[in-house]
Amino acid sequence: MSLADIVKAGWEAVDTGDFDTLVADYAEKMTFIMPGQADVLEGRQAFRSALDGLGDILPPGFEITGLRQIEGESEVVSIVEWKSNKVASSQLAVLFKFEGNKIFEERWFVDTEQWKGTF
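Read in order, the letters of the sequence shown correspond to residues 1 to 119 in the UniProt record's numbering.
Derived from the structure by calculation, the hints contain no laboratory data. It is possible that part of the hints are untrue.
Label pairs and their calculated CB-CB ranges [claimed, not checked]:
#1 Ser2 <-> Asn85: 14 to 24 angstroms
#2 Glu12 <-> Gln91: 16 to 26 angstroms
#3 Lys29 <-> Val87: 28 to 38 angstroms
#4 Ser89 <-> Gly55: 12 to 22 angstroms
#5 Asp39 <-> Lys86: 16 to 26 angstroms
#6 Glu113 <-> Asp5: 27 to 37 angstroms
#7 Ser2 <-> Ala93: 11 to 21 angstroms
#8 Ala93 <-> Glu12: 33 to 43 angstroms
Note that beta-carbon positions come from the ideal geometry of N, C-alpha and C, so glycine has one too.
Go ahead and model the full structure; you've got the sequences and the hints to work with.
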């Protein structure tokens, strides 16, 4: 399975709410960095716990409308097309860094002013 396939399967798990399957592809000592780069979660258990409140983290009406993966040597970038109640269309990028076949860092890159305005 390619690294891009692992990331794609993770997005599919998010879509179905299967968070236990999602976190199985993350290293125990992983780091998750949300938009603005100020919100950081350390460790797979903290990440898994945060997923239970995913609806509170994402803008109201958040929906992924398109998704593609760009794979490098030990990383994958997801280009995510999305919309929400207050934004008709936008894009963000998510960087997934790997050690072997486990994700050890996930970092979101968004227009933070636009993101803040969606809440």
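Going through the hints against the structure:
Between Ser2 and Asn85 the C-beta distance comes to about 35 angstroms, which lies outside the given range of 14 to 24 angstroms. Range check, Glu12 to Gln91: about 20 angstroms between beta-carbon atoms, so the 16 to 26 angstroms window is met. Range check, Lys29 to Val87: about 34 angstroms between beta-carbon atoms, so the 28 to 38 angstroms window is met. For the pair Ser89 and Gly55, the supplied restraint of 12 to 22 angstroms holds, since their beta-carbon distance comes to about 21 angstroms.
Hint check: Asp39 to Lys86, Cβ distance near 20 angstroms, so the stated range 16 to 26 angstroms holds. At roughly 34 angstroms, the beta carbons of Glu113 and Asp5 sit within the given window of 27 to 37 angstroms. At about 19 angstroms, the beta-carbon gap between Ser2 and Ala93 stays in the expected band of 11 to 21 angstroms. For Ala93 paired with Glu12, a C-beta distance near 19 angstroms fails the hint of 33 to 43 angstroms.
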